[in-house]
Amino acid sequence: MSKAKVAPDLSVMFAGKIYSPNPFWLASAPPTNCGEQVMRAFDAGWGGAVWKTLGEPITNVSSRYSSVDWNGQRMMGLNNIELITDRPLDVNLREISEVKKRYPRHAVIVSLMVESKREAWHTIVQQAEDAGADGLELNFGCPHGMSERGMGSAVGQVPEYAEMITAWVKEKARTPVLVKLTPNITDIRTVARAAKRGGADGLSAINTINSITGIDLQTLVPRPNVDGKSSHGGYCGPAVKPIALNMVQQVQSDAESCLPLSGIGGISDWRDAAEFFLLGCGTVQVCTAAMRYGYRIVEDMTDGLANWMAEKGFANIAAFQGLSLANVKEWKNLNLNYKVVARIHEEKCIGCELCYTACWDGAHQCIHLDRVSESGNGHTTPATYEARSRAAIAVTPIPKLDGGMSERVGAEPYATPLARIPRVDESECVGCNLCMLVCPVENCITMERIDIGLPPQSWEQRSALGIPVKVQH
Amino acid sequence: MALSDGHAGRSEHALLQVRPEVAERFAEVHPPLGAVAALAEANRCLYCFDAPCAAACPTHIDVPRFIKKISQDNLRGSALTILDANILGASCARVCPVEVLCEGACVFHRYNQEPIHIGLLQRHAMDAFFQDGAVLPKKSSTEHTGRVACIGAGPASLACAAELRLRGHGVKIFERQELPGGLNTHGVAEYKLRAVDSLREIEMIRALGVEFAFGDEIRGEAALAQLDKDYDVIFIGVGLGEMRRLSISGEQLSDVRNALEFIAGYKTGGNVRVGRRVVVVGAGNTAIDAARAAKRLGAEEVHLLYRRGSRQMAAFEFEYEDAKREGVLFHWHTQPTAIHATESGEGIAAVECRRVKENESGSSAMEFLAGSAFRIPCEMVITAIGQSPLLELLKSLRGVKLEDGRVQVERATGRTANAKYFAGGDCVNGGREVVDAVADGKRAAVAIASVLEKANVRGSHVQS
Chain E
11 MSKAKVAPDL SVMFAGKIYS PNPFWLASAP PTNCGEQVMR AFDAGWGGAV WKTLGEPITN
71 VSSRYSSVDW NGQRMMGLNN IELITDRPLD VNLREISEVK KRYPRHAVIV SLMVESKREA
131 WHTIVQQAED AGADGLELNF GCPHGMSERG MGSAVGQVPE YAEMITAWVK EKARTPVLVK
191 LTPNITDIRT VARAAKRGGA DGLSAINTIN SITGIDLQTL VPRPNVDGKS SHGGYCGPAV
251 KPIALNMVQQ VQSDAESCLP LSGIGGISDW RDAAEFFLLG CGTVQVCTAA MRYGYRIVED
311 MTDGLANWMA EKGFANIAAF QGLSLANVKE WKNLNLNYKV VARIHEEKCI GCELCYTACW
371 DGAHQCIHLD RVSESGNGHT TPATYEARSR AAIAVTPIPK LDGGMSERVG AEPYATPLAR
431 IPRVDESECV GCNLCMLVCP VENCITMERI DIGLPPQSWE QRSALGIPVK VQH
Chain Y
449 MALSDGHAGR SEHALLQVRP EVAERFAEVH PPLGAVAALA EANRCLYCFD APCAAACPTH
509 IDVPRFIKKI SQDNLRGSAL TILDANILGA SCARVCPVEV LCEGACVFHR YNQEPIHIGL
569 LQRHAMDAFF QDGAVLPKKS STEHTGRVAC IGAGPASLAC AAELRLRGHG VKIFERQELP
629 GGLNTHGVAE YKLRAVDSLR EIEMIRALGV EFAFGDEIRG EAALAQLDKD YDVIFIGVGL
689 GEMRRLSISG EQLSDVRNAL EFIAGYKTGG NVRVGRRVVV VGAGNTAIDA ARAAKRLGAE
749 EVHLLYRRGS RQMAAFEFEY EDAKREGVLF HWHTQPTAIH ATESGEGIAA VECRRVKENE
809 SGSSAMEFLA GSAFRIPCEM VITAIGQSPL LELLKSLRGV KLEDGRVQVE RATGRTANAK
869 YFAGGDCVNG GREVVDAVAD GKRAAVAIAS VLEKANVRGS HVQS
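Chains as they are written, first to last, in this note's numbering: chain E, 11 to 483; chain Y, 449 to 912.
Hint data in this document are derived by calculation from the structure and do not stem from the laboratory.
With a Cα cut of at most 35 Å, we get these calculated DSBU-like pairs of lysine-lysine:
1. E:LYS27 - E:LYS127
2. Y:LYS620 - E:LYS410
3. E:LYS111 - E:LYS182
4. E:LYS410 - Y:LYS743
Label-pair ranges, simulated between beta-carbon atoms:
5. E:ASP53 - Y:ASP770: 49 to 57 Å
6. E:VAL382 - Y:GLU547: 20 to 28 Å
7. Y:ASP770 - E:ASP279: 37 to 45 Å
Owing to the predicted nature of the structure, the values given are computational and were not obtained by experimental measurement. Just so it is clear, CB atoms sit at the ideal spot from N, CA and C, and this is done for glycine as well.
Could you put the whole structure together from the sequences, leaning on the hints where they help?
Printed below as a string of structure tokens:
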């Protein structure tokens, strides 16, 4: 692919009418709570912001967030029980108009959530648009608190309500109307279709996922702790990205659901964003990453994405939007005659043997430690090696007592002793990838294609031909 | 809480008062990790299968397992994992030459990364265990009737005795000194392991029910015959004997000290006196410990003499580097030939030295370079040219065979030529590390327990 000669154009026109200098928007959440914040975010480089949801008066609790840490890393996932804005409506509206006046080229979308009454929706739509909103996002997704009052995900989980309210909003709205979808539903497409039927101009997905992040093992109270009690919250952050990508793909691959989509869910850097675009999103929304590191993270989102686009020869977002959709198939259409096997690159191996234990306990027992000592019958179990090591007598090397430096017997061909470099039995390897995934060294284990001499054939094709199915052990 | 059961043992109380001048000058070389640093370090561990670090450890501590437990906030489980393999896990965490053991074997060396700081993590878990009261669970609720005597209260005997007690066997340790621990208490440089920490660890072993008798030097046929009569099995963990002498003129001067005496002096003897200029003879780890101690005690110049070159030095490379950093001056291919007294005849004036011709063959023959005599003025000479075996004692043990002054044993069990006698530690291996002695002691204990339990079933005695 030829390299683009000019810098890629990151600007987008979303849902036909919403211009944004780049596709990175802040999601409706604490980072878009007030005008001062949104203006600082635009100064930092964000292309747009979805204003924290306007609606009925509420009172928030303290505390509000909890997170899932993993192996010493903070906030793999974040959970919140904060509600919509707790600031007066008129203050928010005044600040929206001020932001739009000062940043006319940036996208300001206003998130809305009011009780399920036609007049209430008409009023709030009018107010938001009068303040200068470039678009509206209907919050049918918030999974905590508001749903108990018949709003948020209580609407988003019932297609009929979602369709009805979307239609009410469309009666009034002059700007594009996006419906924000909840993932807390069996099939996200049912509500996406309802929104489309109701006349929505676009969708945002996904909202947060119902969660209890953990329990304090001293007090036995789940987090976040509100006076000794907790409540389920909405989960977001890097942990939810795969779930979001799947739902984005589902919506984008369904003709009855498909609308311009603003992708949301665990986007932390430009690579995450590129993946959402590749599955058809027109913009992406970020919250957790900005809450963790501040608005400044957008700099590498735009820079990294632009560099990748230049390298790939994509002149603008549209040039690669949705390109990966064709590569997501139903399982029955995958080629059963495609075979890969693991190959361990001995010169890179550090001898941790994590691939060995993973293959034995978690996969198909086809990685062995028999390069030096055994005949390779594959029947020596992990416990045998461990017992052997425990029984071995080791001493501190003391040259004076050991008669000079102990020489290694026979030259080792690699940095890691051959005895510690696992070997893959390719005839048994099913190509599951597990060893490659657990290996700590990049490119030490690669999956290599093996030509089995058969043309591609899917499950669907195979069962149509009535060929007996080979039983896999 | 007293280590001494009555007689000659000195009260531990006095030792818990670390002399401030010692505490100040012997700050730890490897300060402990904080909780956050320990967690971050534990999380770096890859949790290798059949891990090379565990294989390299003479006691085969399951290193990835105890590290994983640290990262999962199970410090007690972590400490018990360590202690299950090595009852002296706390002192080993401080004194082990981890560079040539667990940390030296870490796979990260092949991945352009710092090896996991296993020693510091082990100390982290062990410190938490001791802070928490150091309560060990027993391995057996059965009390067996057999009785085992351990000769010497160094690491080998301590490990042997602890393992036997955990399995329900009666053990008594006989120690000629007034405090237990052997080199752990008296001979390890204070900046690596404080005597109080060694004693604290031994208190945990005593609390298991191991008995101690101090000052009873087991020497002479009669004493040994009595021991042989009173006990079913005897474990020999006597270590090595006196330090070798230089055999040069002036060696009788009072400021000529041997390194172990010098180290024990400042650690447990309350003697922190040092010369302004000190000459240390020898280049093993003990010589380095003595040289660094002399520096810390206030010596302005510390010269270390070794008759061979740096490549033949017995000290670990990292010990040498540390000593250089502290300002110890190394004189390679240099041999002391006489120690000159001051005019009054009481103090030392200088050490007479000669240069030794370099000898690559490794033979011990020495040839002096002509006209190479010179003097190093000094007030103190510390000798550190190795310990001799306790030949007299070892030879009087009935049926126990020696080779090169070392007790001959079956490697996997520590059993000597006399089936009633087991042995381990320096008296068997010629002088390795604490962790080697612990491994020997534990292997012997497992074998002794098996012998005693079988004999118990048969109602017979161990046949010698």
